[in-house]
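Peer 1: Residue numbers (UniProt numbering), protein chains in the order written: chain V, 1 to 363; chain F, 1 to 363; chain U, 1 to 363.
If you are wondering where the hints come from, they were derived from the structure by calculation, not from laboratory data.
The C-beta atom is built at its ideal place from N, Cα and C for all residues, glycine as well.
Among these hints, one or two may not hold up.
[Claimed, not checked] Partial list, computed: chain U residues near chain V (C-beta under 10 angstroms):
#	residue
1	VAL331
2	VAL341
3	THR347
4	ILE350
5	ILE354
[Stated by the list, open to error] Away from chain F, derived, C-beta distances all over 10 angstroms, residues of chain V:
#	residue
6	GLU32
7	LYS62
8	ALA90
9	ARG130
10	ALA162
11	LEU182
12	ALA185
13	PHE195
14	THR221
15	PHE267
16	TYR302
17	ILE323
[Stated by the list, open to error] With a straight-line Cα cutoff of 27 angstroms, these simulated DSS-like cross-link-like pairs (lysine-lysine) come out:
#	chain 1	residue 1	chain 2	residue 2
18	F	LYS272	U	LYS122
19	U	LYS272	V	LYS189
20	F	LYS122	U	LYS189
21	U	LYS122	V	LYS189
22	V	LYS122	F	LYS189
23	V	LYS272	F	LYS189
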Amino acid sequence: MNPLLEEIRRTPLFWLLVLVPVVLVAQLLRPEAHTLLFLLSVAAIVPLAALLSRATESVAAKTGDLLGGLLNATLGNLTELLIALAALRAGQYVLVKASIAGAIVTNSLFMLGASLLLGGLKYHIQEYNRDSARLQAGMLFLATIAMLVPSLLAAADNAASAAFTHSLSVSLSVLLIVTYGLGLAFSLKTHRELFVSKDHHGSEEEEWPLSLALGTLAAVTVLVALVSEVFVESVQQAAVALGITPAFVGIIVVALVGGAAEMVSAFAAARKNNLDLSVGIALGSAVQIALFVAPVLVLASYLLGPTPMDLQFWRGAVAMMLIASVTATFVTSTGRSAWFVGALTLTVYIIFAITLYLLPPQT
Amino acid sequence: MNPLLEEIRRTPLFWLLVLVPVVLVAQLLRPEAHTLLFLLSVAAIVPLAALLSRATESVAAKTGDLLGGLLNATLGNLTELLIALAALRAGQYVLVKASIAGAIVTNSLFMLGASLLLGGLKYHIQEYNRDSARLQAGMLFLATIAMLVPSLLAAADNAASAAFTHSLSVSLSVLLIVTYGLGLAFSLKTHRELFVSKDHHGSEEEEWPLSLALGTLAAVTVLVALVSEVFVESVQQAAVALGITPAFVGIIVVALVGGAAEMVSAFAAARKNNLDLSVGIALGSAVQIALFVAPVLVLASYLLGPTPMDLQFWRGAVAMMLIASVTATFVTSTGRSAWFVGALTLTVYIIFAITLYLLPPQT
Amino acid sequence: MNPLLEEIRRTPLFWLLVLVPVVLVAQLLRPEAHTLLFLLSVAAIVPLAALLSRATESVAAKTGDLLGGLLNATLGNLTELLIALAALRAGQYVLVKASIAGAIVTNSLFMLGASLLLGGLKYHIQEYNRDSARLQAGMLFLATIAMLVPSLLAAADNAASAAFTHSLSVSLSVLLIVTYGLGLAFSLKTHRELFVSKDHHGSEEEEWPLSLALGTLAAVTVLVALVSEVFVESVQQAAVALGITPAFVGIIVVALVGGAAEMVSAFAAARKNNLDLSVGIALGSAVQIALFVAPVLVLASYLLGPTPMDLQFWRGAVAMMLIASVTATFVTSTGRSAWFVGALTLTVYIIFAITLYLLPPQT
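Looking at chain V on its own, in the form it has when it is part of the complex (with noise of 0.2 angstroms):
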């Protein structure tokens, strides 16, 4: 039988896929009825999401260390990235940066956070690389200071004109991404030995053949691809009628819908006591967007977009991903964990989720 088919049937998450015609088919036919698009579109792009990460990881398993560590850098957060570019289309600029930080505060916060909760339930007192840790909280704290100087000093200079705001967005954008091919280059070339983990992840799972895991992958990035077009046009409306403020669909129900599938990997790691895993998929994550995701993006508005985007973010976000990844930094600098160090920083990612939601709407 075929290996995706059995695996669909085994897994129940999976069977939600059945929403994705049907969220396609309702936008045809009621494209006015924006929640429950919304609600729709939320509901398919979690197991689209994770049958994505399931190729993608299928393809790097047969295509060797190299290639397949940057099959997984590339293509790791590949439904954010969709997602964002749908944004990007519809020229939402807000969305778009919105998506952008509350993945960076979703991975560095709740999907750490609740991976050391999990696990710390279960075990005592977990340990895990601690300089591998170190390495990638030292990556995100240094990539998130990169992309907030612009905020930082346009804020500081009220003659920053627009033109300056753009010419400086692209510069730095050119620079982190050479910066994280750097990084792929140090991690999975000359000192991977320091980022070996004892990462069992995946091997009770069965091998897809590459052709199967290839037509995978490309079918299912053409439906998130679809679907975030559903998503991006009914989210605005469906917020109002909701009653959520855009600010807390944009930075909070987007990371949690985006993440879903690395989410559940990592939380199973850390029930399996294996933090390595777990502390790797949440700040690997938050590092790829920040390094790699959001320069892309930029750079991406010049083709795809009405007018260019810029790396200049509303000043609450760029304090909250300033302190997100202060706190991860922190958090991993001992290679320890009990449970009330996961307690701590998830208390940080609601208070950030209380705020957004109360948080009256801009006018």
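Assemble the complex: chain V is given as a structure, and chains F and U must be docked to it using the hints.
Peer 2: Showing chains F and U alone in chain V's frame:
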């Protein structure tokens, strides 16, 4: 002989208790002598705070580890809480907030720095339980971040209305108290072995009978509350008369007065090379103010205050609290200290004190 | 043969000394050729700074550990001090402050990052004295915080008057110099064993006689002062002519020119796997600028400047100094390094440089 009277006879600090009736009588006879009342009430609160702290410890010692730990954790900053409640009832929210910020900054910079300096002048290098200090510093760091977020986000968003600030403040206060409770469960129950220190504190002191300890606790609480009223009523006119800025009084003077008793314990422990205790008192107090006293005051303002109080602080106070918690985190991250580490920590405090002293009153 | 002339003959960098008379003559003959004078003075300061540094070390080597350490600690950034004094006399306080901020940022990001990168390209993993680096990074961190507080608080309080800023700046300057003196007592006297490194620096260089070293020190100081005058007078018009922003010149160009000699030493040490020396030069210089040069300039402005100078910096410079010191603290916290750590540190510097280069001139 009554051990309370015996102890008062033996300890010169307690002789200042004679000022308690003096200040209460003076308040009746000369209610307009603000400067005199201010100075008398400051001098009367110091021995009362020491007695309160002594009674709390006696009750805690009698009631076993868990209940005793809870008592110390909730009543440890009773003096600060009573002063702030007096200010709250008078509707002086600027003074309440200044005393919260001041207690955090003073405990984590002055009490910590002076302990490290005093200990370091006697011992070349001092070591202490690094794990315990890291965890406490981490709690302080995360607690401070938690408390700062509303100020940061509100500052970043001009559209933030008063309704938003109030509902956010209540939500966060509940969340902070829950987190504080989880922290107590962690340090007193599930992971208490991490927090064990060579605490010989009080072993040389005579045990009080429970009835005496409870009676003292109740009586002194009433006296502190009465003297605090005098203090709060006189502080502003006295500050004007003495040429001191209200910010300096609220942030520096109140915190030094309220924390005097704990400082005596922390400094004595440092001179006995028991930095575990000194660091524990200093950071523990700061954590308690941030996670317990501050949110309790916000919630209490709905019952006791003329109008509800929020958690939004003056931006300068936010900056000071953030710098204080980052400094404490950095200073305690190695578990080793020498005199210059204490001197640097104190220097940061002196910088704040000078700045507040020179700051022109806000119009 | 005179060891000074011998050394000049042997070292190609010193051949640039021929430009010193050229720039002084050019200033007399063509005082309006700002761009030429700017380029000539930059090229002339580099070999002078190297000679100044060489002479200081020779004097220090002759005068024993304690006095020599004091000399190095006070004259180590003599070039930066002389340039800043020239700007101070000309009343160019924006340039003075930019050169202070620039020296801190350049030393703690560019010099440190390039050292780690150059060393890391040759050695897989490099280790260095973690305690010593932590203490220096801590001093830098606390020093930077200290220097930033007035800017933070002044920014937070619109009512802050000029009188407040000036009395605060003088108080803090005295406090910083006292702290610097305590730091010297700590590192040279009470706890010198913590700061011992395998410093083979200069062992291959010929010892100069004390009279030659002192004479060179005096003569070169005068020459640097003269060339700095030319530099300061020409820099603004030259920047306009070359299309470079004043912020870029003040923060990036001046710091690279003034610190060129130290950078040569730091990079050479890193290539010899002596990161203790590289990190010590980079962070030590940054500490010296923040705790000694900056406050001396504030106090000197009362004697030499047309009006008193304060310690309040442009908000963008404050952000850059804070990020630089946090980055240096994080980078050096483990005592281990690989090439990517250096690359990330350099990237933060490049981000600042690009931003300042693109920043439109303030109106």
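Peer 1: A separate judgement is required for each hint: does it hold in the structure or not?
Peer 2: A quick look at each hint next to the structure:
1. Interface hint status for VAL331 (chain U): upheld, as the beta-carbon distance to the closest one in chain V is roughly 8 angstroms, under 10 angstroms.
2. Here the hint on VAL341 (chain U) is kept, as its CB sits about 8 angstroms from the closest CB of chain V, short of 10 angstroms.
3. Hint on THR347 (chain U) holds. Least Cβ distance to chain V is approximately 5 angstroms, under the 10 angstroms limit.
4. Interface restraint check for ILE350 (chain U): the shortest CB-CB distance to chain V comes to about 6 angstroms, inside 10 angstroms, so the restraint holds.
5. With its C-beta approaching chain V no nearer than about 5 angstroms, ILE354 (chain U) sits inside the 10 angstroms limit, and its interface hint holds.
6. Remark: the non-interface label on GLU32 (chain V) is consistent with the geometry, its nearest Cβ contact in chain F lying 29 angstroms away (cut-off 10 angstroms).
7. Its beta-carbon lying about 42 angstroms from the closest one in chain F, LYS62 (chain V) satisfies the requirement of being farther than 10 angstroms from that chain.
8. Non-interface call for ALA90 (chain V) relative to chain F: holds, since the shortest CB-CB distance, roughly 24 angstroms, exceeds 10 angstroms.
9. No beta-carbon of chain F comes within 10 angstroms of the beta-carbon of ARG130 (chain V); the shortest separation is about 13 angstroms.
10. No beta-carbon of chain F is positioned within 10 angstroms of the beta-carbon of ALA162 (chain V); the least distance is around 21 angstroms.
11. The non-interface label for LEU182 (chain V) is consistent with chain F: the shortest C-beta to C-beta separation is roughly 28 angstroms, beyond 10 angstroms.
12. At roughly 31 angstroms from the closest C-beta of chain F, the C-beta of ALA185 (chain V) stays outside 10 angstroms, upholding its exclusion from the interface.
13. The non-interface label for PHE195 (chain V) is consistent with chain F: the shortest C-beta to C-beta separation is roughly 24 angstroms, beyond 10 angstroms.
14. Distance to chain F confirms THR221 (chain V) as a non-interface residue, since its nearest Cβ pair spans about 36 angstroms, more than 10 angstroms.
15. Against the 10 angstroms criterion, PHE267 (chain V) stays outside the reach of chain F, whose nearest CB is about 20 angstroms from its own CB.
16. At the 10 angstroms boundary, the C-beta of TYR302 (chain V) stays outside the reach of chain F, the nearest C-beta of that chain being 28 angstroms off.
17. The claim that ILE323 (chain V) is not at the interface with chain F is violated, since a C-beta of that chain comes within 10 angstroms of its own (minimum 6 angstroms).
18. For the suggested pair LYS272 (chain F) and LYS122 (chain U), the alpha carbons sit about 49 angstroms apart, so the restraint of at most 27 angstroms is broken.
19. Simply put, LYS272 (chain U) and LYS189 (chain V) have alpha-carbon atoms about 24 angstroms apart, close enough for the 27 angstroms limit, and the pair holds.
20. This hinted pair checks out: LYS122 (chain F) and LYS189 (chain U) have alpha carbons roughly 16 angstroms apart, not beyond 27 angstroms.
21. Our distance criterion of 27 angstroms between C-alpha atoms is met by LYS122 (chain U) and LYS189 (chain V), whose separation comes to about 16 angstroms.
22. In summary, the hint linking LYS122 (chain V) to LYS189 (chain F) is supported, as the alpha carbons are separated by about 16 angstroms, within the 27 angstroms threshold.
23. Among the hinted pairs, LYS272 (chain V) with LYS189 (chain F) is consistent with the structure: their alpha-carbon atoms are about 24 angstroms apart, no more than 27 angstroms.
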